[in-house]
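Chains A and B, in that order, give the protein sequences.
Be aware that the first sequence starts at 14, since it is given in our numbering, and climbs by one per residue.
Be aware that the second sequence starts at -19, since it is given in our numbering, and climbs by one per residue.
It should be emphasised that the hints constitute simulated quantities derived from the structure, not laboratory data.
Just so you know, not all the hints are guaranteed correct.
[Stated by the list, open to error] Capping the alpha-carbon separation at 20 Å, the derived lysine to any residue pairs in SDA-like fashion look like this:
id, chain 1, residue 1, chain 2, residue 2
1, B, K43, A, I138
2, B, K109, A, S84
3, A, K47, A, I138
4, B, K112, A, P81
5, B, K43, B, V24
6, B, K109, A, K47
7, B, K117, B, V24
Bear in mind the structure is a predicted one, so any value in this text is a computation, not a measurement.
Below are the chains, spelled out letter by letter.
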Amino acid sequence: MTSEATLQKEPATDAEATRPGPRYLPNVDIIETKNELLLVADLPGVAAGEIDIEFEDGQLSVSAPAKPRQSEGTRYLVREYGVGDFHRTFRVSEQIDASRIAAEFNDGVLTLHLPKVEAVKPRKISVQG
Amino acid sequence: MVRWRPNGRHPFVQLRSDFDRLMGDLLSGTAAPVARAVRAFPAVNVWEEGEQLFAEAELPGTKKEDLEISVTGNELTIRGRRGSSVAEGTSFHRQERGVGEFSRSLRLPYDVDAEQVEATLRDGVLLLKLPKAASAKPRKIQVQSGPST
């Protein structure tokens, strides 16, 4: 098994869905900078307006419906991936200023900016002497 | 060439997620008839409608100018690259999105008309329309009536 497999879509398994159909875990990068946490998620085939982002009690969830792009009866000659809604939840331990969360969506990639609460930013304390 | 490199998961987490994915694929019916230990990138779906083949691949974050598609006979090649989401040296908590160059070649069931191939990239999904080459189409042969003797 090569590690290339990580790049494929994984079915979401965290909670049961209320409607049938496969659900997938988007691949993400999470980056921390001085002022914010940055979450970058692959959501191919999703419409920007349909992405649902929720942040509550330190739990961040990203859901995005991805409708089938081919008709139901399509017979695939090669079928290496499935299409279905994306869903993933994260527990964020950093203090986030929820009112300033911002999101962009380009080329099937969601970028979420989660600004840290001011007090959490490292402060330089100069030593008096 | 920079290899497509997936990043930083603990081998056990990797194993578990591979297992989950395999189970998910089996349950949802998307599993290939023969298990593929190695999956090439990008994953591709191919289907046929009338005299056209369609191929689709998910390439989030790849710009159309970073994509090169070529067709020779019945061989389709998709090459491209995806840049990193941030500058080098940033501290990642998670890094699952692969970066770098990728190349995938695929043998189609018949020759396609390379001149007529259409490609569209929308919201990270590449769709290719691949019309059947004239040489691959069934030919109607007119039956000539022979001279009556």
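Now the hints, each set against the structure:
Straight-line distance between C-alpha atoms of K43/B and I138/A comes to about 44 Å, which puts the hinted pair past the 20 Å bound. Between K109/B and S84/A, the direct Cα distance comes to roughly 16 Å. Compliance with the 20 Å bound is thereby established for this hinted pair. About 16 Å separates the Cα atoms of K47/A and I138/A, which keeps this hinted pair within 20 Å; it holds. Taken as a hint, the K112/B and P81/A pair is broken in the structure, with Cα atoms around 25 Å apart against an allowance of 20 Å.
Proposed proximity of K43/B and V24/B is supported: the alpha carbons are some 18 Å apart, at most 20 Å. Proposed proximity of K109/B and K47/A is contradicted: the alpha carbons are some 46 Å apart, above 20 Å. Distance hint between K117/B and V24/B is unfulfilled; the C-alpha atoms sit about 24 Å from each other, more than 20 Å.
The earlier numbered hints that this structure contradicts are 1, 4, 6, 7.
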